[in-house]
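J.: Each chain, written out:
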Amino acid sequence: MDIYESHSINKEEKELLLNYLGRDPSHTEIGIFSVMWSEHCSYKSSRHWLKKLHTEGIQVIQGPGENAGVVDIGDNQAIIFKMESHNHPSFIEPYQGAATGVGGIMRDVFTMGARPIALLNSIRFGELSHPKTKFLLSGVVAGIGGYGNCVGIPTIAGETGFDISYNGNNLVNAMCVGLTTKDKIFYSKASGVGNPVVYVGAKTGRDGIHGATMASGEFDDESEKNRPTVQVGDPYAEKLLLEACLELMQKDAIISIQDMGAAGLTSSSVEMADKGKVGIELNLDNIPTRQQNLTAYEMMLSESQERMLMVLKPEKTEIAKEVFEKWDVDFAIVGKITETNNIVVLHNGMIEADIPIKFLTDNAPMYKREKIKKNKQNQKRQPLPSIKPKDAILKMLNSPNICSKKWIWEQYDRTIMANTLNDAGGDAGLVRIENTEKAIAMSCDVNPRYCHADAKKGAMQAVAECWRNIISMGAKPLAITNCLNFGNPEKPEIMNDFVETIEGIRDASIALDFPVVSGNVSLYNETNGDAIKNTPTIGGVGLIENIGVLDNFGSLNIGDSIYMIGKKGSHLSCSTLEEVYNGESSIDPPEINLYEEKLNGNGVLDLIQEKIITSCHDISDGGMIVTICEMIMTDDRGATINIVDNNKMIGELFGEDQSRYIITISPELESIFKKKMKKRGVKYELIGCITSSQLKINDSIIISNNDIRDAYESLIPSVMNNMA
Amino acid sequence: MNVTIIRFPGTNCDLDTANAVKKVLGIVPKIISCKDDKIPKSDLIIIPGGFSYGDYLRSGAIAAREPIMDDLELRGNQGVFIIGICNGFQILTERKLLPGSLLKNSSLKFISKNVELKINRNDTFFTSKYQTDEVVNIPIAHHDGNFFADQDTLDSIEDNNQVALRYLNPINGSLNNIAGLYNKNLNILGLMPHPERAVDIKTGTNDGSRIFESALNFYST
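Order-wise, the sequence lines are chains U and B.
FYI, in this note's numbering the residues of the first sequence are 1 to 724.
FYI, in this note's numbering the residues of the second sequence are 725 to 945.
Calculated directly from the structure, the hints in this document are not laboratory data.
Do not take every clue at face value.
Said to hold, decoys possible - Here are the simulated lysine-lysine pairs, BS3-like style, with alpha carbons at most 27 Å apart:
1. B:837 - U:405
2. U:406 - B:762
3. U:326 - B:837
4. B:833 - U:405
5. U:51 - U:203
6. B:926 - U:438
7. B:765 - U:405
8. U:326 - B:828
9. B:833 - U:134
10. B:746 - U:438
11. U:406 - B:842
12. B:828 - U:132
13. U:406 - B:747
14. U:44 - U:395
15. B:746 - U:184
16. U:438 - B:747
17. B:828 - U:134
18. U:326 - B:926
19. U:203 - B:759
20. U:683 - U:476
21. U:275 - U:326
22. U:326 - B:833
23. U:51 - U:406
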């Protein structure tokens, strides 16, 4: 293997590189090219397609291209948010991989001037029975908690899924939401020739070297050997860095700021200079290091955590230094902005690298890879066995993808900052904005089963489900971020799915006015050639203008009527019921009508804001009956459900038809409710009423609350507490 | 009433605690750094929760040895009222201002949830607004809240009626379900639950407010 191959630079790319430079590169330069041209940093397979996403709206202050997206929430306030994957490192070293994923996404948000106010995550593992799942799940959860809890940001929502396709590649997608004022948003664009480039944060060590390159490749049986490429997190250092940065941001000293994430010093310096169309010179002699004798190559490629790069106003350098010293955070002037348009790296009096920045960014390789639509003709849908509704309900509640995830979220501090409004209940997380009556609802969603069966429909559904979850909290959906987790894009079928996913996200976000403001792509989630199911995770935020509308909302009153918004269910193909009974289930996901989605959603939002209904939940995995079980468990109530046609019972209970909600309403308000819905053209169905306890369906099926709760809550503790 | 909050570098509940004091008492507390030489004149000193110095060693062990803790100890001996919440409680036990110590939870996991707690006595500075044996609901969020003391210490805690709060149900392995306790003079309280997160019913519970109200009650009557 030659030095280029060992840096994952292929033959064509090597030719391109030599052609650009017109000379042989130094070792450090090869390292810089290798990380900047890696899939992870260059988006070389996805860049072309990502441009097609819908990224605009009056609520958008900053769309994709910065450290995070920014949306307006009125009163001169803005929400800054993004989601990012940390899949590859979390499979190799689950605790540190997940912890540093949380740390990285937090820095993306506070780099832009926002104090983080909430964390979310979407995590996916192989089958719950797979021998490695226990180890990965406990490590990832402890890592997410260990980092967020220490920095002191509540982790308020998320999702956990299990599927055979993740046996060799788990997913950790972490999302952070921060708050700032509109006049205090910081960008990464460098400017001002001669201005000092300043390094702040933790010292640089040898950890994480080539992390970005590792995250741009597939795994095989020897992936364990990549352990040294996983970074080690120090949330205490992050907390100090956070406070110091936010303090300096009040002092009008910063011209531009960028966190050192993947590819560390290399990508942060290149990106800042590239955005400002300037050059940058780094003198590595001044980099704070953890150990002696780090080479230029190592310093440029290290992914040591909790570090930032800034360009400061020269006259404010001393003030900045004082702030960082006060917080015990390293501060070092490591370079300056130049007019050369090159990145120049000096070390021990030698020029270690001198590369025109455009070769690393705009002129980096970009591929429009071959794509072929999957052939689905040979797939046949297996018929469902005969199913007894009562058994099926309990079996569903006790299945890995439906069951309670309390074992997980009880390890996350959810109440710190004292603004969490719906701890452990509701379809989305809800955090009040301190000193206001406003709140932000947040959710992250995707159904990989649907995405695998039909990439475009699945992507549309993920956006729609996220929108629905935010609506269910009474919030107006504002914008989304995403993590597009896929297998190897060099496989034409995967590339095709990727492109269809972009189309699906675009269509749904246009229809729902739910633009994409930030995001991340994680490809090569494969082990020994087996790819994960497409998993385009969507993270959304929404705004409640006045939390007063939520007073008394969310509690079930005995005698309340239960209505379904939308049509009765019937679609069982690709459903959780099929997964639970037939194993693999991937033929036809439910159709999604975006017009109806918007109609129903806006209708429900109106009902909540007018205080007409007492509770609301969306219908998703497992269908209507799972939603009802979750509702009555949270409030310790019962429900009586009437199904008119026994032959349609299974479809009505478990069908996963889209754009639907369950609402409860006091009987005296039913006529207003019906009038409002008819006026909007929203379909609804009366399906039952709230009782004091037990679930009753048509007098023939009775399940006690204890049985429901046992089924729902026992699975994960029984697996995890048996740590072998 | 003068309220002072001491923040260590990794303290992360300082703003929540200051907000709670403001909301409940209408008093703006002074937040000081552990690097300051002296604690200003205070009627109540609070050490809030967090990860004082990262707590990679025993929680609170480094913080307990900060010079400002000499002044805190002096104030405590003079009878100034002090509350240590969560990490603050850990720091107070590390400093030996309170007996016993806080080990890793018996599950070896971080636990974050609202828990039911029983108020052991209501004749102290911190609890006059509660009823004895009243059950209240306040969140916990900690990894090291498993109260431990040797038998003699435990006996003396119980004999002197130093327990402030007990978990209604076992949660983290704490001996005698102890969630919070006083020093012998009853002017220092350490507790694992976070009363500052329970001052507004919109966030689920306001059962923590009365700890702050009890303190104010003492000074206003």
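J.: All hints are to be evaluated individually against the structure, with a verdict given for each.
T.: Hints versus structure:
{"no.": "1", "hint": "B:837 - U:405", "result": "14 Å, holds"}
{"no.": "2", "hint": "U:406 - B:762", "result": "44 Å, violated"}
{"no.": "3", "hint": "U:326 - B:837", "result": "34 Å, violated"}
{"no.": "4", "hint": "B:833 - U:405", "result": "15 Å, holds"}
{"no.": "5", "hint": "U:51 - U:203", "result": "36 Å, violated"}
{"no.": "6", "hint": "B:926 - U:438", "result": "12 Å, holds"}
{"no.": "7", "hint": "B:765 - U:405", "result": "48 Å, violated"}
{"no.": "8", "hint": "U:326 - B:828", "result": "31 Å, violated"}
{"no.": "9", "hint": "B:833 - U:134", "result": "15 Å, holds"}
{"no.": "10", "hint": "B:746 - U:438", "result": "20 Å, holds"}
{"no.": "11", "hint": "U:406 - B:842", "result": "24 Å, holds"}
{"no.": "12", "hint": "B:828 - U:132", "result": "26 Å, holds"}
{"no.": "13", "hint": "U:406 - B:747", "result": "31 Å, violated"}
{"no.": "14", "hint": "U:44 - U:395", "result": "44 Å, violated"}
{"no.": "15", "hint": "B:746 - U:184", "result": "26 Å, holds"}
{"no.": "16", "hint": "U:438 - B:747", "result": "17 Å, holds"}
{"no.": "17", "hint": "B:828 - U:134", "result": "21 Å, holds"}
{"no.": "18", "hint": "U:326 - B:926", "result": "36 Å, violated"}
{"no.": "19", "hint": "U:203 - B:759", "result": "23 Å, holds"}
{"no.": "20", "hint": "U:683 - U:476", "result": "21 Å, holds"}
{"no.": "21", "hint": "U:275 - U:326", "result": "31 Å, violated"}
{"no.": "22", "hint": "U:326 - B:833", "result": "33 Å, violated"}
{"no.": "23", "hint": "U:51 - U:406", "result": "39 Å, violated"}
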